[in-house]
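Novice: The lines below spell out each chain.
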Amino acid sequence: MDRYLITHSLLYSWKRAISPNPYESMDSVDPMEDMLTVLRREPTEVTQAMQNGIDFEDLVTDIVMGRADPDHKWFLAAANVASRVKGGALQCKAAKEIEVDGVPLLLYGRLDCLKAGEIIDIKFSGVYERGKYFYFTQHPVYMELIPEAKQFTYVVSNGANVWTETYRRDETRSVYPLIRDFLNWLVAMGLTDLYMANWGSRK
Amino acid sequence: MIFKPSEMTFSDKKVRMLIAGYPGIGKTTLALSAPKPLYIDVDLSAERIERSVLDMAVGVTQPKDYKELKADLGMGMAGNAAENAKRELADVETIVIDTGGKLLTIMGQYGLTLDPKYGQRDGSLSLKGYGWLGKEFQRFLDHIIYTLDKHVVIVFHTVEEKDGDETHLRIKAEGSTKNNVWEVMDLGGFMEMRGKDRVIGFSNCERYFAKGTKSVHGVYTIPELKPGDKNDFLTKLFAEYNAGSAAEAAQAAQERKAYDKAMAIGATILDGVQDAESANSAMADFKAITHALTSQKELGAAWNARIKELSLVYDKAAKQYVTAATKEEEGAE
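In the order they appear, the protein sequences are chains A and B.
Numbered by my numbering, the letters in the first sequence go through residues 894 to 1096 in order.
Numbered by my numbering, the letters in the second sequence go through residues 81 to 413 in order.
The hints are simulated quantities; they were obtained by calculation from the structure and are not laboratory data.
It cannot be assumed that every hint is accurate.
In silico DSS-like pairs for lysine-lysine, Cα to Cα no more than 30 Å straight-line [stated by the list, open to error]:
id : chain 1 : residue 1 : chain 2 : residue 2
1  : B       : Lys258    : A       : Lys986
2  : B       : Lys341    : A       : Lys979
3  : A       : Lys979    : B       : Lys388
4  : B       : Lys388    : A       : Lys989
5  : B       : Lys215    : A       : Lys966
6  : B       : Lys94     : B       : Lys258
7  : A       : Lys979    : B       : Lys197
8  : B       : Lys182    : A       : Lys908
9  : B       : Lys337    : A       : Lys979
10 : A       : Lys986    : B       : Lys294
11 : A       : Lys1043   : B       : Lys182
12 : B       : Lys144    : A       : Lys1025
13 : B       : Lys294    : A       : Lys989
14 : A       : Lys1043   : B       : Lys294
15 : B       : Lys182    : B       : Lys116
16 : A       : Lys1025   : B       : Lys215
17 : B       : Lys94     : A       : Lys966
18 : A       : Lys1025   : B       : Lys388
19 : B       : Lys258    : A       : Lys966
20 : B       : Lys182    : B       : Lys94
21 : A       : Lys1025   : B       : Lys252
22 : A       : Lys1043   : B       : Lys144
23 : B       : Lys341    : A       : Lys989
24 : A       : Lys989    : B       : Lys396
If we take Cβ atoms under 10 Å as the criterion, some of the chain A residues that face chain B in the derived model are [what the hints assert, rightly or not]:
id : residue
25 : Leu983
26 : Ile1012
27 : Ala1042
28 : Lys1043
29 : Tyr1060
Pairwise CB distance ranges, derived in the manner of DEER restraints [stated by the list, open to error]:
id : chain 1 : residue 1 : chain 2 : residue 2 : range
30 : A       : Pro936    : B       : Arg274    : 48 to 54 Å
31 : B       : Gln334    : A       : Glu935    : 45 to 51 Å
32 : A       : Ser912    : B       : Ala397    : 46 to 52 Å
33 : A       : Met1089   : B       : Ala397    : 30 to 36 Å
34 : B       : Lys306    : A       : Asn945    : 52 to 58 Å
35 : A       : Gln941    : B       : Leu207    : 47 to 53 Å
36 : A       : Glu935    : B       : Asp340    : 44 to 50 Å
37 : B       : Asp202    : A       : Leu1087   : 49 to 55 Å
38 : B       : Asp145    : A       : Ser1067   : 46 to 52 Å
39 : A       : Arg1073   : B       : Asp145    : 56 to 62 Å
40 : B       : Asp202    : A       : Arg1003   : 41 to 47 Å
Ideal Cβ positions, reconstructed from N, Cα and C, are used throughout, including at glycine.
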């Protein structure tokens, strides 16, 4: 066991835990408790919002595969998204060995779609405001994983509308300071051992 | 007319731009610095603009409702009426709409007259009405860009939204339309004061989420207009945008061509992988593909999927693929 996994989900849970306003537009789960659950790698409960996201992505995949029900209430929006991801590599795994402050890490992610220099992530969100993903950790993580990618696009839908939020490489923040802050936070909170015990990677 | 992709230069593309900022910061003056503007004063605020600036407009119109605006632009007209409208706008290169928020309001009011289902009892738009509004806005811009062949600049007021200790700037528009309008824009900038300078930002930051390109990004200082100065900031910016687009398009076309070639070669090789033997013999050719953009990663994923589909595993010692059953047998021995 020589490296420790870093994923967008892990960093996202941490960002939520340290947010000055962690409960805003979130479910009722205590963000710090949620972070500890993630650090312990215990299964988390699937919320309705998460299930909607899964169902929407499944519908997009079904449309790409030509097996979707055209009467589905989200069909038109999902078809719009499907037209963007069709022909790309779907659910593509990516990993990269990195080192931050001497800690050997394995950055890991599963991309919804990789297509012709663009990473596409599908989001289902009942409430959307342009710029919502500016502070998100996903595009910094994935752009580091795929150095050949020119841009990262969040394709967001509420089941009726579809919006896009694109981040070019030159406007994506480096993931390294973020990871450094995360590791420092673990030390400050006395959680490094818990992280290392559960997030080791054998690659 | 059909062009070869290599013949498309994008150097004379009509630009769709959004300008956002606080009232009084000079959005209209900036909007009128676009090439040969027709000023559509939906807000009925032309009297607030300095005469010398207003005089730069090729024409001014103050439509009292959306129906009148459509008529001014020949929207929905056919035959001679459409041709006459186009002729009247022949000298115009840019349609400036001030403000976009008010445009959406009069558009929504028009929608209410079309179908009662677009409204609610209190007179506001229903969910269906907002759906129509989004589509109508798109039709409106398409008419300006594709039918009239003009640039379009839409001016929006900004509103502040608090998020914890931070203040974010958003465009002032109703409902989900404030997201929809961005989808169709090429450029979108927020105007602010920085010290004594008026600036416009096209890059995303903590304060706002704008829209720039590789060539038009960051913060630009808008020069202060002195008597006799030419108000041509956007005219120059559009030229810069189009020059940048042309260069980006040329580079993208080259990369895309190499990417398509790599993906086509990869697909052909993958088609031939039917069992362990064909996988092993295909490996050398597959590794020799010259990659572009993300073709290596995409083809790698496709290769892994094919191997999995055929129930093959890689024997590290033998450095070749074998069937999973063979591997198990070897393990048993």
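Novice: Does each hint hold? Answer for all of them.
Specialist: Right, here's what the structure says about each hint:
no.	hint	verdict
1	Lys258(B) x Lys986(A)	35 Å, violated
2	Lys341(B) x Lys979(A)	18 Å, holds
3	Lys979(A) x Lys388(B)	21 Å, holds
4	Lys388(B) x Lys989(A)	22 Å, holds
5	Lys215(B) x Lys966(A)	19 Å, holds
6	Lys94(B) x Lys258(B)	22 Å, holds
7	Lys979(A) x Lys197(B)	35 Å, violated
8	Lys182(B) x Lys908(A)	38 Å, violated
9	Lys337(B) x Lys979(A)	18 Å, holds
10	Lys986(A) x Lys294(B)	28 Å, holds
11	Lys1043(A) x Lys182(B)	37 Å, violated
12	Lys144(B) x Lys1025(A)	36 Å, violated
13	Lys294(B) x Lys989(A)	27 Å, holds
14	Lys1043(A) x Lys294(B)	11 Å, holds
15	Lys182(B) x Lys116(B)	23 Å, holds
16	Lys1025(A) x Lys215(B)	23 Å, holds
17	Lys94(B) x Lys966(A)	36 Å, violated
18	Lys1025(A) x Lys388(B)	38 Å, violated
19	Lys258(B) x Lys966(A)	24 Å, holds
20	Lys182(B) x Lys94(B)	23 Å, holds
21	Lys1025(A) x Lys252(B)	17 Å, holds
22	Lys1043(A) x Lys144(B)	46 Å, violated
23	Lys341(B) x Lys989(A)	27 Å, holds
24	Lys989(A) x Lys396(B)	21 Å, holds
25	Leu983	8 Å, holds
26	Ile1012	8 Å, holds
27	Ala1042	6 Å, holds
28	Lys1043	7 Å, holds
29	Tyr1060	8 Å, holds
30	Pro936(A) x Arg274(B): 48 to 54 Å	50 Å, holds
31	Gln334(B) x Glu935(A): 45 to 51 Å	49 Å, holds
32	Ser912(A) x Ala397(B): 46 to 52 Å	50 Å, holds
33	Met1089(A) x Ala397(B): 30 to 36 Å	32 Å, holds
34	Lys306(B) x Asn945(A): 52 to 58 Å	57 Å, holds
35	Gln941(A) x Leu207(B): 47 to 53 Å	20 Å, violated
36	Glu935(A) x Asp340(B): 44 to 50 Å	45 Å, holds
37	Asp202(B) x Leu1087(A): 49 to 55 Å	54 Å, holds
38	Asp145(B) x Ser1067(A): 46 to 52 Å	51 Å, holds
39	Arg1073(A) x Asp145(B): 56 to 62 Å	57 Å, holds
40	Asp202(B) x Arg1003(A): 41 to 47 Å	46 Å, holds
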